[in-house]
Amino acid sequence: MYDFALQRPQSLNEAIEALSVEGAQALAGGQTMIPTLKNRLASPDVLVSIGGISELQGVSETDGTVSIKAGTTHGVVAATVESYPALASLAGNIGDPAVRNRGTIGGSLANNDPSACYPAAALASNASITTNKRTISASDFFMGLFETSLDEGELITQVDFPVPDAANYQKFDQPASRFALVGVFVAKYGNDVRVAVTGASEDGVFRWSEAESALAGNFSSSAIDGLEVDPESMIEDIHGSRSYRANLVKVMTKRAVAAC
Amino acid sequence: MSTVTMTVNGKSVSGEVEGRTLLSDFVRNNLNLTGTHIGCDTSQCGACVVHVGGKAVKSCTIFAIEAEGSSVTTIEGMANPDGSLGTIQQAFQDNHGLQCGFCTPGMVMSAAALLEENPNPTETEIREYLEGNICRCTGYHNIVKSIQAAAAA
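Taken in sequence, the protein lines are chains A and B.
Take the first sequence: its position 56, counted from the start at 1, is 56 in the working numbering, and no numbers get skipped.
Take the second sequence: its position 116, counted from the start at 1, is 116 in the working numbering, and no numbers get skipped.
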């Protein structure tokens, strides 16, 4: 990897200042960033590590909301979140234990990998993503492949998840990378059902609105039976064809609803 | 270059590193602790697992500067103070938990982290915990047996 200056600010304000410099980039847990640097797919002049900032660490749970600071690792979310078991379980199945001890929720959301797990949870829960500047609803946050509505130098500080009445995440592992070949997160809030799909689309995480409407009227896996997913915009690679992924979206949705 | 200071296997150490210096390179090249192996260098194989602040991490996927001020344990820190093998290491030897031995440092460090969290893991829990540690000699059966023996010891 090309060399860079690595800064390690101790406060959020220092980090924001460091990130305002041209060519600076944030480093969270590094579990995607460091392999990306090794492959020379990124070459920042300055990397600003946010791992040492205590105000970006921790989980709190109040009535109906799980609030997770952006620098909290998957391992901590898996071990501490109690009121939203589907979210804890999702975090506990990202990568492997050593990756979960470094990777963070803020890093995962900001990267918006089309096969990452957290974007599905955030979108299905319509989480509020707070940055140093504003709060963005998850519905307005994900803008396609590795794209988000974050501005240059803007840093996620906290993510708030409204706790649903019922939820489940079903991930069909790509066994080598442990990313989702397809992952479906179903969350039910009263009569409102949200279905978010990761791993499948070339445009990144998306809501399967036909399934949401069908499930709002009849929250059972049979409600999905008559639906089909258009393979046109699905990812196709050596691990699965478009039609294979389209079928998996349906299968994983049914499994998630059945497990709710 | 900048100076990084941390505690490695109970001793305070420091060294000159670049921003891009990985923790795996720091322990091997600056500290000559070559027990930590670099297998894939792509955070998949787990041969480079060390503990930072008591947590298992892949040392090829963390910069040395990120471990500034931390307490780091490498495979060299797993032996008893008199130099004899620690409980987990001894269990690997007793149960033939290695063939070529390349993955062993990472396996032992992951096993230690698992047993710290869960002193009596089931076979399934052991296998799940080793998801990020690859053994190319396909020695998983005896590795799992070794960890079960270490848990019982």
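There could be a bad hint or two in this list.
[Said to hold, decoys possible] Estimated spans, in silico, between C-beta atoms of each pair:
1) B:I38 <-> A:I238: 18 to 28 Å
2) B:N80 <-> A:S241: 18 to 28 Å
3) B:H141 <-> A:I238: 27 to 37 Å
4) B:T5 <-> A:P162: 36 to 46 Å
5) B:L85 <-> A:P162: 49 to 59 Å
6) B:Q93 <-> A:N218: 51 to 61 Å
7) B:Q99 <-> A:D203: 41 to 51 Å
8) B:S71 <-> A:E232: 31 to 41 Å
9) A:D192 <-> B:S12: 49 to 59 Å
10) A:F219 <-> B:G101: 52 to 62 Å
11) B:E16 <-> A:F146: 33 to 43 Å
12) A:T62 <-> B:Q93: 46 to 56 Å
13) A:L41 <-> B:P119: 33 to 43 Å
No wet-lab data here; the hints were simulated from the structure.
Everything numeric in this text was worked out from a predicted model, so none of it was measured.
Heads up, the beta-carbon is just placed ideally off N, CA and C, and yes, glycines get one too.
Output the numbers, in ascending order, of every earlier hint that fails for this structure. 2 and 8
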